[in-house]
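As given, the protein sequences belong to chains A and B, one line each in that order. FYI, the working numbering numbers position 228 of the first sequence as 228, with every residue one higher than the one before it. FYI, the working numbering numbers position 221 of the second sequence as 221, with every residue one higher than the one before it.
It is worth saying that the hints were derived from the structure and are not from the lab. It cannot be assumed that every hint is accurate.
[What the hints assert, rightly or not] List time: in silico DSS-like cross-link candidates among lysine-lysine, alpha-carbon distance up to 30 angstroms:
id : chain 1 : residue 1 : chain 2 : residue 2
1  : B       : Lys164    : B       : Lys124
2  : B       : Lys93     : A       : Lys322
3  : B       : Lys139    : A       : Lys322
4  : B       : Lys205    : B       : Lys144
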Amino acid sequence: MSTTITTGHSLGETHAEHHHEPGLIGRYIFSRDHKAIGIQFLFTALIFMALGGLLALAVRWRIAWPATDVPIVGKVDGAMYATLFTMHATVMIFFVIIPLLVGAFGNFVVPLHIGARDMAFPFLNGLSYWIMPLAGIIMLYGFWLEGGAAAGGWTSYPPLSVIAPNGQTCWCISLIIVGSSSIMGAVNYITTIIKMRAPGLTFHRMSLTVWSVFITSILVLFGTPVLTSALILLILDRHAGTTFFTHDGQPLLFQHLFWFYSHPAVYIMILPAMGIVSDVISVFSRKPIFGYRAMAYSMVGISGLGYIVWGHHMFQSGMNPKLGTTFMVSTMLIALPSAVKTFNWLGTLWGGNIRFTTPMLNALAFVSMFVIGGLSGIFMAATPVDIQIHDTYFIVAHIHYVLFGGTLFGVFAGITFWFPKMFGKMMNETVGKIHFILTFIAFNCTFFPMHIVGAAGLPRRYADYVATGSSTQWAHLQPYNEFMTISALVLGTAQVLFFGNFLWSLWKGKKAPQNPWLANTMEWTLPSPPVHGNYFPSIPEVHRGPYEYTSPIVSEDYLPQSRALDPEASARERLLQAEGH
Amino acid sequence: MPEVISTYGDEVDRLFYIILAITLVMLVLVFALFGIFVVKYRYQEGRRAVYTHGSSKLEWTWTAATAAVLIWLVFAQRETWIKIKQADLDAFKNPYLVRVFGEQFVWHFVYPGSDGKFEPQDVKDIFQGVNPVGLKAPKNDVYKQSLVVPDDVPVILEINSLGKYDQDKQIETVGVLHSFFQPNLRLKQDLVPFHPAKIWFQVKKGKTGIYEIACAELCGLGHFTMRADMKVLGDDELKTELGYDWKATPAKF
Numbered sequence: 001m002s003t004t005i006t007t008g009h010s011l012g013e014t015h016a017e018h019h020h021e022p023g024l025i026g027r028y029i030f031s032r033d034h035k036a037i038g039i040q041f042l043f044t045a046l047i048f049m050a051l052g053g054l055l056a057l058a059v060r061w062r063i064a065w066p067a068t069d070v071p072i073v074g075k076v077d078g079a080m081y082a083t084l085f086t087m088h089a090t091v092m093i094f095f096v097i098i099p100l101l102v103g104a105f106g107n108f109v110v111p112l113h114i115g116a117r118d119m120a121f122p123f124l125n126g127l128s129y130w131i132m133p134l135a136g137i138i139m140l141y142g143f144w145l146e147g148g149a150a151a152g153g154w155t156s157y158p159p160l161s162v163i164a165p166n167g168q169t170c171w172c173i174s175l176i177i178v179g180s181s182s183i184m185g186a187v188n189y190i191t192t193i194i195k196m197r198a199p200g201l202t203f204h205r206m207s208l209t210v211w212s213v214f215i216t217s218i219l220v221l222f223g224t225p226v227l228t229s230a231l232i233l234l235i236l237d238r239h240a241g242t243t244f245f246t247h248d249g250q251p252l253l254f255q256h257l258f259w260f261y262s263h264p265a266v267y268i269m270i271l272p273a274m275g276i277v278s279d280v281i282s283v284f285s286r287k288p289i290f291g292y293r294a295m296a297y298s299m300v301g302i303s304g305l306g307y308i309v310w311g312h313h314m315f316q317s318g319m320n321p322k323l324g325t326t327f328m329v330s331t332m333l334i335a336l337p338s339a340v341k342t343f344n345w346l347g348t349l350w351g352g353n354i355r356f357t358t359p360m361l362n363a364l365a366f367v368s369m370f371v372i373g374g375l376s377g378i379f380m381a382a383t384p385v386d387i388q389i390h391d392t393y394f395i396v397a398h399i400h401y402v403l404f405g406g407t408l409f410g411v412f413a414g415i416t417f418w419f420p421k422m423f424g425k426m427m428n429e430t431v432g433k434i435h436f437i438l439t440f441i442a443f444n445c446t447f448f449p450m451h452i453v454g455a456a457g458l459p460r461r462y463a464d465y466v467a468t469g470s471s472t473q474w475a476h477l478q479p480y481n482e483f484m485t486i487s488a489l490v491l492g493t494a495q496v497l498f499f500g501n502f503l504w505s506l507w508k509g510k511k512a513p514q515n516p517w518l519a520n521t522m523e524w525t526l527p528s529p530p531v532h533g534n535y536f537p538s539i540p541e542v543h544r545g546p547y548e549y550t551s552p553i554v555s556e557d558y559l560p561q562s563r564a565l566d567p568e569a570s571a572r573e574r575l576l577q578a579e580g581h
Numbered sequence: 001m002p003e004v005i006s007t008y009g010d011e012v013d014r015l016f017y018i019i020l021a022i023t024l025v026m027l028v029l030v031f032a033l034f035g036i037f038v039v040k041y042r043y044q045e046g047r048r049a050v051y052t053h054g055s056s057k058l059e060w061t062w063t064a065a066t067a068a069v070l071i072w073l074v075f076a077q078r079e080t081w082i083k084i085k086q087a088d089l090d091a092f093k094n095p096y097l098v099r100v101f102g103e104q105f106v107w108h109f110v111y112p113g114s115d116g117k118f119e120p121q122d123v124k125d126i127f128q129g130v131n132p133v134g135l136k137a138p139k140n141d142v143y144k145q146s147l148v149v150p151d152d153v154p155v156i157l158e159i160n161s162l163g164k165y166d167q168d169k170q171i172e173t174v175g176v177l178h179s180f181f182q183p184n185l186r187l188k189q190d191l192v193p194f195h196p197a198k199i200w201f202q203v204k205k206g207k208t209g210i211y212e213i214a215c216a217e218l219c220g221l222g223h224f225t226m227r228a229d230m231k232v233l234g235d236d237e238l239k240t241e242l243g244y245d246w247k248a249t250p251a252k253f
């Protein structure tokens, strides 16, 4: 409980009861405990999520009803509009999704899942959190500068981003800092996972969540410095008179560097969600993961291929068209591990005894929406087809099916799944399910029509499709735009239920038992929430993989990783393991 | 998808529909299995789930099948891409040439004029309203804010991004990225400042009319206002519009 309250405290909320306990500030606000840091990431990212969501609604409003003022924001001109969508994407990617997946779940779950007392470098861990809100403040500071915050899109291609007002510099500095936060986290996760696993926990007994964070961290470690260097060059072009990306330089160089990070970043933004969803699906199907090794190795495959597909963002950019074919091949191939994962999720459901809890519903939504998002990617991978749909709403549909339909449903699954362990309280299931259904329907109504208008050529990043003087060849699609905006408003409103449920359950939720979902991984052998240092008196010994549900050895339908069996059962288990189970 | 007017547009559409068909089959298959499993294996008191860790035979089968489809797709797409983006532009007989300049937030089109030669261009020679793209001898070329092209003839565009020049302060603002996008042609190509490129298309015979060119790469605050008409004209109308007979003197870049 103390964790909950003091985390609120760290966000500037006042909890009078704690003001006379200064010791807690050191222990929890500038905490080095991975659970507290994970929860700090969670709260911060959720606040940014509300901000990013409101920005998106303002963008949608302007598209649907360009002649009217946007509520709260007021009149939105072309400049303001560009700022809105730039900030929406930047906030959601760098301050919501990555901190949630890697910062919040990585921190909270990884040490618990591997039976460690904490991360390898607790101070570095705290630092990686604290520079994240700092970066957010620097970026938002751009709003008060002349010319406003960055408005070059989240991709910020030069030369436009070289000649843009100073909000762009804030944006660059902010991303360098938040990238450093990611790198610190990545170093920490890699070290922790390699060095600090409990006895008996081989790599092939790790949960897929741990696998996913491990692979993601490797992606972060190798990709982020490239983005950082591109951003430094951009700052030099802006302020030091260099011409890396203009004049004698090469505007496309920035795109290469940017996508060399940002395409792997798309996997950084989905792999941990895949891991979380795999765990949740196995728990609630009461079945072992179908093809565990294929699941783990396909993530390795995705990360490897993820580094050689960046050029598919640049098919129409003026890059040598011969390279287009090369990148088409690698991009088509990356669909393969994704397909393998999908089939394995289906295999896991097959023959299960599926419990439709809120986390499970969200995890199932992840799978179904990821299928749509993955398949629509094939259209873009095909170079000739991409000519038509590049930079249209088809792309917007694709990215949102992957990152909202995929990742955010994965995040909802993760939050509702681990909430009891994080805070010792249960979330309300009924509200959770209503939130799920509304979100699922409104999400599809918002983003599915984007495929249709995108195939018709509707370009993205347009403030107005109907005004005279603008491109009006898509004016007949305006009813679609209005429908999508109304759906987006419903979608946004539905999130009030989530935030309400979250806060209400923190305060008044039913007390959570130690293992509410009857799950196997080791965090569920600990009290909810676990104490600082996790495993007392000693680190548990791991006897088996994390997915031994419905094992024939025991009468219950689950068999925790660290449970010791009597000699006879233990012998039977070794026999099963030898058979490949 | 909007009406196709280019000779290669139908191929693009065919490839689009091939992928659509394949992905729809996959989608229906996955969703059907998903639906069946979710209903059939829903929670029942006292039932135990099947204890299995997978089947490598099954896994290899679906991996190989998916790989085969994906690789086939690559080969199916390749040719059209080469045709559109890697064509040998010198091989076209008597192509119709236009220089295209994208500027924040206007399109400029320069035609070679009756002498068949394009004038040299320099950003420092830009005078708003008089010489909008900075041609050395602005009278020899024909300048328009719309693209006029014939049907049934290969058209080659040299595309370039144009910066701005302030004659009073003698300050140059560099050009930014734009993207030439004409959905009916199924053609899109970015304009990269300092790096001109050439693209081609051929309008199908008889597809005369007025179409719209849009900018598809964020180029700033007025990005959405960057539009131009593309007029596909018959021979006589084109002659009137240009003020000369383009076929009389073959043009060169």
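Outcome of the hint check:
no. : hint                : verdict
1   : B:Lys164 - B:Lys124 : holds, 9 angstroms
2   : B:Lys93 - A:Lys322  : holds, 24 angstroms
3   : B:Lys139 - A:Lys322 : violated, 39 angstroms
4   : B:Lys205 - B:Lys144 : holds, 24 angstroms
Consistency note: the structure conflicts with earlier hint 3 alone.
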